[in-house]
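Construct the complete structure from the given sequences, taking the supplied hints into account.
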Amino acid sequence: MTERITKTRWFWAWEYEKEERWLNEMAADGWTLAEVGYCRFTFERSEPNAYTIRLEMHPHDEQYLSFMEDTGAEYIGRCLQWVYFRRRSELGAFDLFSDLDSKLTHLRKIHKTILIVGILNLFAGMLNLFVGLESTSVYRMNNACVAVLNLLVCTFLMYGLGRLKEKIDSLERERLLRE
Amino acid sequence: MDEHIVLTEATYYILLSLYRPRHGYGIMQQVEELSSGRVRLAAGTLYGALNAMVEKRWIVQLPVEDGSRKKNYQITERGLAILRTELSRLQELVRNGEEIMGGQTHD
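Chains as they are written, first to last, in my numbering: chain A, 1 to 179; chain B, 180 to 286.
By construction, these hints were calculated from the structure, which means they are not laboratory data.
Treat the numbers as computed from the prediction; the structure is a model and nothing was measured.
Here a beta-carbon is modelled for each residue, glycine too, at the ideal position from N, C-alpha and C.
You may find that some hints are simply not true.
In silico negatives: residues of chain A with every beta carbon more than 10 Å from chain B [as the list claims (entries may be wrong)]: (1) H111; (2) S137; (3) Y159; (4) L171.
Calculated lysine to aspartate or glutamate pairs in the DMTMM-like style (CA-CA distance at most 20 Å, straight line) [said to hold, decoys possible]: (5) B:K249 - A:E69; (6) B:K249 - A:D61; (7) B:K249 - A:E74.
Here it is, written out as structure tokens:
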């Protein structure tokens with residue numbers, strides 16, 4: 001049986017490039033991503049640099065998976081909105097996006113998703129805060145605690161949105177001059 | 180509306196390659212060959228472009244043949260018209276470039 005290891009790591013959605021870099025460093029060391037779960041990555045022993053790993057935010061789409069497989073890519077798995085692919089390096093360079101437009105579309109998709117999650121958290125946070133402060137229920141402290149959590153997550157997401165916006169803006173400036 | 184569209188390089192080459200029916204990977208190979216290896220379409224980019232062009236009816240998805248799950252695409256009349264307009268725009272670009280820089284580039 002192939003030797004396997006599992007690692008636990010947390011990456012924020014706006015750090016997907018960092019995540020991809022890490023996965024490819026693992027592949028370079030002879031550990032190829034084989035399974036993904038919530039913050040869990042399972043690797044299997046392979047030749048160093050045998051595969052290139054790519055990930056992308058893409059809704060569930062069977063057609064896309066079979067399209068990718070036709071191009072020689074292997075579907076590893078998905079975690080929430082993220083899909084993971086790998087392709088044997090001997091087949092050549094493996095990228096998911098080859099022009100600025102499709103890179104921008106992808107970044108905007110991530111931005112929009114985080115924005116929605118952020119707004120939902122803000123809304124839940126306000127509601128919990130209100131209940132925590134105003135209600136006479138014995139559980140109101142629970143609401144107050146969750147409210148703090150909600151608002152904390154919101155702050156992180158705001159930071160992420162800022163980082164993504166920077167990337168989008170710089171690609172858009174470049175797009176004014178080239179494709 | 181469609182008359183003055185400037186195509187991206189990817190769109191232009193995808194449309195050209197669909198002069199004959201082809202599936203996704205076939206398009207990638209044909210585009211690479213047409214451009215002597217210069218233009219390499221990534222799968223995600225191609226998938227997005229194909230869906231957008233089907234929506235605009237510049238290309239159609241052909242019925243899937245028995246025993247195959249690969250989808251073939253082909254250019255439509257509308258797609259051909261877009262391609263013709265783009266070709267004459269590109270010719271204008273080349274003409275103007277040669278007229279102004281012609282002497283210098285042939286030194």
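Hint check results:
The claim that H111 (chain A) lies off the interface holds: its Cβ sits roughly 17 Å from the closest Cβ of chain B, which is beyond the 10 Å cut-off. With a least CB separation of 49 Å from chain B, S137 (chain A) remains clear of the 10 Å interface cut-off, as annotated. With 10 Å as the threshold on Cβ separation, the claim that Y159 (chain A) sits away from chain B holds: the shortest Cβ distance comes to roughly 27 Å. Its beta-carbon lying about 14 Å from the closest one in chain B, L171 (chain A) satisfies the requirement of being farther than 10 Å from that chain.
With a C-alpha separation of about 10 Å, the suggested pair K249 (chain B) and E69 (chain A) falls inside the 20 Å cut-off, and the hint holds. Taken as a hint, the K249 (chain B) and D61 (chain A) pair is honoured in the structure, with Cα atoms around 15 Å apart against an allowance of 20 Å. Among the hinted pairs, K249 (chain B) with E74 (chain A) is consistent with the structure: their alpha-carbon atoms are about 16 Å apart, no more than 20 Å.
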